[in-house]
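For the protein sequence lines, the chains are A and B, in the order given. Using my numbering, the first residue of the first sequence is number 753, and each one after it goes up by one. Using my numbering, the first residue of the second sequence is number 15, and each one after it goes up by one.
For the record, the hints were derived by calculation from the structure and aren't laboratory data. Predicted model, so just to flag it, every value in this text is computed and none were measured. Every residue gets a Cβ at the ideal spot worked out from N, C-alpha and C, and that includes glycine. Some clues are possibly wrong.
These stretches of chain A come out as covered by chain B in the derived footprint (C-beta under 8 Å, 3 or more residues) [what the hints assert, rightly or not]:
id : stretch
1  : 872 to 882
2  : 897 to 903
If you anchor each label on the Cβ, the simulated ranges turn out as follows [as the list claims (entries may be wrong)]:
id : chain 1 : residue 1 : chain 2 : residue 2 : range
3  : B       : GLU556    : A       : GLY796    : 48 to 58 Å
4  : A       : HIS968    : B       : THR642    : 26 to 36 Å
5  : A       : ASP975    : B       : ASP625    : 42 to 52 Å
6  : B       : GLN131    : A       : HIS866    : 29 to 39 Å
Among the chain A residues that face chain B by a calculated CB cut under 10 Å, a handful are [said to hold, decoys possible]:
id : residue
7  : MET865
8  : VAL890
9  : GLU1002
10 : VAL1004
Here are the chains, one letter per residue:
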Amino acid sequence: MNEKGEPILLAENISITFGGLKALDNVSLKIYPGEILAIIGPNGAGKTTMLNILNGFYKPDEGRITFEGKKRSRHMKPNHIAAQGIARTFQNLALFTGMSALGNIMVGRTMKMHSNIFSQGIYWGFSRKEEIEHRKAVERIIDFLQIENIRRTPASMLPYGLRKRVELARALAAEPKLLLLDEPMAGMNLEEKEDIARFILDANEELGYTIALIEHDMGVVMDICDRIVVLDFGKKIAEGTPDEVKASPEVVKAYLGTAGG
Amino acid sequence: MTDLPMTFPHILIDNAKKFPPTKAAMREKDYGIWQSYSWQDYLEQVRDFALGLASLGFKREDKMAIIGDNRPQLYWGLAGCQSLGGVPVPLYQDAIHKELHYIVDHSECRFALAEDQEQTDKLMHLKDEIPRLEYIIYDDPRGLQNLKKDWLIAFTDVQEMGRKFGKEYPDYFMDEVNAVKPDDMSIIGYTSGTTGNPKGVMITHRMIADCSRGFLEWDNLNEKENVMAYLPMAWIGDHIFSYGQAFCSGFTVNCPESTETVVNDQKEIGPTYIFAPPRIWENILTQIMIKIEDSAWIKRKAFAYFMKVAGRVEKKRIANEQVPVGDNILYQLGWFLIYGPLVDNLGMSKIKVAYTAGEAIGPEIFEFYRSLGVNLKQLYGMTESCAYVSMQKDGEIDSESVGPPAPGVKVKIADNGEVLYKSPGNFLGYYKNPEATAETLEDGWLHSGDAGYMTEQGHLKIIDRAKDVNKLNDGTLFAPKYIENKLKFSPYIKEAVAHGMNKDYVGVFIDIDYGAVANWAERRHIAFTSYTDLAQRPQVYELIREAILKVNKSLSEDKRLKNSQIKRYLLFHKELNPDDGEITRTRKVRRGFIAEKYGSLIDALYDPTKDSVDVEATFTYEDGQTTTMKATLKVSDVDTF
Chain A
753 MNEKGEPILL
763 AENISITFGG
773 LKALDNVSLK
783 IYPGEILAII
793 GPNGAGKTTM
803 LNILNGFYKP
813 DEGRITFEGK
823 KRSRHMKPNH
833 IAAQGIARTF
843 QNLALFTGMS
853 ALGNIMVGRT
863 MKMHSNIFSQ
873 GIYWGFSRKE
883 EIEHRKAVER
893 IIDFLQIENI
903 RRTPASMLPY
913 GLRKRVELAR
923 ALAAEPKLLL
933 LDEPMAGMNL
943 EEKEDIARFI
953 LDANEELGYT
963 IALIEHDMGV
973 VMDICDRIVV
983 LDFGKKIAEG
993 TPDEVKASPE
1003 VVKAYLGTAG
1013 G
Chain B
15 MTDLPMTFPH
25 ILIDNAKKFP
35 PTKAAMREKD
45 YGIWQSYSWQ
55 DYLEQVRDFA
65 LGLASLGFKR
75 EDKMAIIGDN
85 RPQLYWGLAG
95 CQSLGGVPVP
105 LYQDAIHKEL
115 HYIVDHSECR
125 FALAEDQEQT
135 DKLMHLKDEI
145 PRLEYIIYDD
155 PRGLQNLKKD
165 WLIAFTDVQE
175 MGRKFGKEYP
185 DYFMDEVNAV
195 KPDDMSIIGY
205 TSGTTGNPKG
215 VMITHRMIAD
225 CSRGFLEWDN
235 LNEKENVMAY
245 LPMAWIGDHI
255 FSYGQAFCSG
265 FTVNCPESTE
275 TVVNDQKEIG
285 PTYIFAPPRI
295 WENILTQIMI
305 KIEDSAWIKR
315 KAFAYFMKVA
325 GRVEKKRIAN
335 EQVPVGDNIL
345 YQLGWFLIYG
355 PLVDNLGMSK
365 IKVAYTAGEA
375 IGPEIFEFYR
385 SLGVNLKQLY
395 GMTESCAYVS
405 MQKDGEIDSE
415 SVGPPAPGVK
425 VKIADNGEVL
435 YKSPGNFLGY
445 YKNPEATAET
455 LEDGWLHSGD
465 AGYMTEQGHL
475 KIIDRAKDVN
485 KLNDGTLFAP
495 KYIENKLKFS
505 PYIKEAVAHG
515 MNKDYVGVFI
525 DIDYGAVANW
535 AERRHIAFTS
545 YTDLAQRPQV
555 YELIREAILK
565 VNKSLSEDKR
575 LKNSQIKRYL
585 LFHKELNPDD
595 GEITRTRKVR
605 RGFIAEKYGS
615 LIDALYDPTK
625 DSVDVEATFT
635 YEDGQTTTMK
645 ATLKVSDVDT
655 F
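Could you put the whole structure together from the sequences, leaning on the hints where they help?
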């Protein structure tokens, strides 16, 4: 899906330093609507930092971010950015373990709910109607990700692969304009990876989501992504289609090391 | 009873007239909520689909393949096809390419109806190879919207075409329905067959209707029943149960949300009537046992104690004897503490009657459910007889027989011990296979291929497949399936293959139940990497030995079978799999195939000098790829009584 045109998100000349360590150094990237972009790189390359900046968890020292044509102010909090339509999942799971899968996914709808805590407590009139609406949306996601059988299971009792899927469901529940996935397949076996890859592709193709993801499994990245950005030691060393990136000498060097090194 | 409608389209129209719109004919759990369809909805859906088919050029006697899980749309498609005088051909949804190719080609399907993308993919491959297959219709559009092909149409689009067609030709539907006659072919059910290619069993409307009504009367079932449809639509049992009987009585068929949610959905629905093959009953039992093993000490003890009480009580009940007062009180207590909550958890608390059919069930498994108060009964039948030959009567239960012949059925035993019968469900013949038909049907008598006899009470007792029943070298009767079913009562044994024909003693291959044994091993901190590894652990051999000892004990109590106790066994390195051809889709062991493929293992069972044997095996993955692996299997002795 190589529909270029206006990028939905534009990050320009991003730099950030953690106590003297330059985690990102003058990195720019664009995310186009309807594409799947992968950010790859060796450990410590700054991938998660980049994602954290994109969703506003970190403030870059330098550089600026434009989302849907609007420049992001330095004072924006992550929840405001989430409300703008950027949702994410985490490398280390961040589910509410005592809650059912369904409850966790409903949390993803919070941004979209308008009734206040008191009317929700009474569960009458508008808030009841609203809850039913949101539950319907959540059920469609449950159907989409094929997790009907674990709807009522507490997150803590789910195996790892399914927790990851519930996390993806929660991010999808927010109906984001941009979906950020931090290592959606980390620690999975081959079958689980294939499943998640299928869901990511379906979310992109059928539901039209724009997705940026970090992933270590090169095979998966090459198979499902439209474009790839490669980071190494905080610098962007390559950008392009999977084939272009594969051919880039810098990437080979970063991943395989130079001869004798 | 001549005034009853005898074809399924007519029965459907009659139901739509007879039942109020509030009566649910079918429910489907979708987006987490049970959606209901009345008989009027059912008819409308079927009519729209049928007319859509007609507008695509569907003609009388055209065949339509149907493949997928139990979805209302597939049942509607089935009825729609029949309304036009067509013949549906349901397929097993897990069948591999080769099998599907054979059936779709052999049955000359012009149309195919698939549940989802997965099944549609398979059919699209077939379409490349079989030009006769013209149209593929799919229900769930997910993943298929972007494929624009003239011959690939969504179910709802076909219905839309049908509505247009219906406006143009308002009488078309009724004209077609009225042209359907009771003795027209209504379905071709392909039998999995333990040997050779599948055979297409031709069945008429009248057969299904007669047998369905026979079942309903036998147990006084009516339109108030609730059933779960989750067994393959290609199995005659499901066709009789979720389609034939549902139409003839008007009861409600519930389609689960997905195959993984069946247990939960069943709990929500609380079916009053269940029809399932033994493997389902075995699986549920295994699940219960795993959970009990995992529970606290006191619960385990209480369960063991009260199951013993229930077993004693059930023995008395089966024998129609008075239950001692003490046991009766204990049973009531057990009902309150154990049986009631357990049965409720299984979604079986409202059951009026439950059947096990399709294969022999181990008596221990059968008694387990009965002792819990579930009215489980046995039924004997085959695809060739619409599953209608004999079944047990309330109050005349016996764990080892399959009950008296059903009304309208005549049974006789041939000189060689084979069971022959005349049933209203006896089929027309095998499709395009007169030789096989002639072998099976002789003067209206159907040769079942099963060996059995009539007991003194007039009940039919099936011993085994006629060609499998043999003798050991010392002349002892050897009935492999009987022994295997006894073994399968152990939650740790999934499948077993007994050998002994023309041998000195009985030896078995055991296929462990991976889930149950893995759970058992984990609790004992036994590390393992894979099925093969786990199966070869000495502790697991010990575990299975205990199970075999129990079987030997029980065999030793039967004079005729005393010498067929198991002397040697080995644990298989892989699960028996229909994709590898070792068992059929309905999980019947294909003995000939196994004997051929694993001859060296059988030799090792009968060579006392050997305590292990090497094996090289080829696996087939779901996508058809194969891989080879090597393993060394231990062969172990076991004591007899």
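Comparing the hints with the structure gives:
1. With 0 residues carrying a beta carbon less than 8 Å from a beta carbon of chain B, the stretch 872 to 882 of chain A misses the three-residue requirement, and the given coverage is violated.
2. Only residues whose C-beta sits within less than 8 Å of a C-beta in chain B count toward coverage, and the stretch 897 to 903 of chain A has 4 of them, enough to reach three; the restraint holds.
3. Distance hint check: the CB atoms of GLU556 of chain B and GLY796 of chain A are about 50 Å apart, consistent with the given range 48 to 58 Å.
4. Between HIS968 of chain A and THR642 of chain B the beta carbon distance is about 31 Å. The supplied range of 26 to 36 Å therefore holds.
5. Between ASP975 of chain A and ASP625 of chain B the beta carbons are some 48 Å apart, a value that agrees with the proposed interval 42 to 52 Å.
6. Taking 29 to 39 Å as the suggested C-beta distance range, the pair GLN131 of chain B and HIS866 of chain A conforms, at roughly 36 Å.
7. Restraint check, MET865 of chain A versus chain B: the minimum CB separation of about 19 Å is more than 10 Å; hint violated.
8. A cut of 10 Å between beta carbons decides the hint on VAL890 of chain A: the least distance to chain B is about 9 Å, and the hint holds.
9. A cut of 10 Å between beta carbons decides the hint on GLU1002 of chain A: the least distance to chain B is about 36 Å, and the hint is violated.
10. The beta carbon of VAL1004 of chain A is not positioned within 10 Å of any beta carbon in chain B (closest approach about 31 Å), and the interface hint is therefore violated.
Going down the numbered hints, you'll see the structure goes against 1, 7, 9 and 10, while the others check out.
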